[in-house]
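Following the hints, position chain B against chain A.
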Amino acid sequence: KAGVTQTPRYLIKTRGQQVTLSCSPISGHRSVSWYQQTPGQGLQFLFEYFSETQRNKGNFPGRFSGRQFSNSRSEMNVSTLELGDSALYLCASSLGQGDTEAFFGQGTRLTVV
Amino acid sequence: GENVEQHPSTLSVQEGDSAVIKCTYSDSASNYFPWYKQELGKRPQLIIDIRSNVGEKKDQRIAVTLNKTAKHFSLHITETQPEDSAVYFCASNTGRRALTFGSGTRLQVQP
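Chains as they are written, first to last, in my numbering: chain A, 6 to 118; chain B, 53 to 163.
Only chain A is shown next, with the shape it has when bound in the complex (with noise of 0.2 Å):
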């Protein structure tokens, strides 16, 4: 079956800028996270989707915002971007409910210039 999915693959943006990022989770996956990855810093939660609704939330400034679609693909927004928010954006899809393994997709490697 099909993985996780992300696109873009790669952006380049301008300070102050806004951008969309995608990701279509593994068939049955109900719950879509998303995470922030830069150089030392590790795998830092942004926030959870599942079945449409915002789960849980990370320490993230309201530019950062997120949906889920009735199909369970998500979108991750990112509005006045700065320098600092270039990163590799993960997302990861699992069932969402009990202990279940979570599958990464490729990232999204935002560049902000």
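To be clear, the hints were calculated from the coordinates, so they are not data collected in a lab.
This structure is a prediction, so every number in the text was calculated from the model and none was measured.
Positions of the beta carbon are idealized from the N, C-alpha and C atoms, including for glycine.
Any given hint could turn out to be false.
[Stated by the list, open to error] Covered stretches of chain A, as calculated for chain B (at least 3 residues, CB under 8 Å):
hint, region
1, 53-66
2, 94-102
3, 107-117
Just chain B, lined up with the frame of chain A:
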């Protein structure tokens, strides 16, 4: 919320030696503890996981132990090989929230 601490941040071993990475968690409701391996430029991938109803699990050269009383779990890699070089992340979950990850351990296996 949950907090997961991971040590050490870097680990260098000789090929054939063992490597141990340790994590502690804070939420006593956590019941699922996976370990992910991330090679350079690639996505994190699950290598082993353990649930709270067992104390140890082994898969070839990799083993994980869990001490629920002390709230810590560890990854053990025996007979390390150069291809084991990567960043390893521990994580925890209650089943009703996203995984909380440790800060990662960069393992370097010297040939």
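Of the hints stated earlier, which fail here?
Result: no hint breaks.
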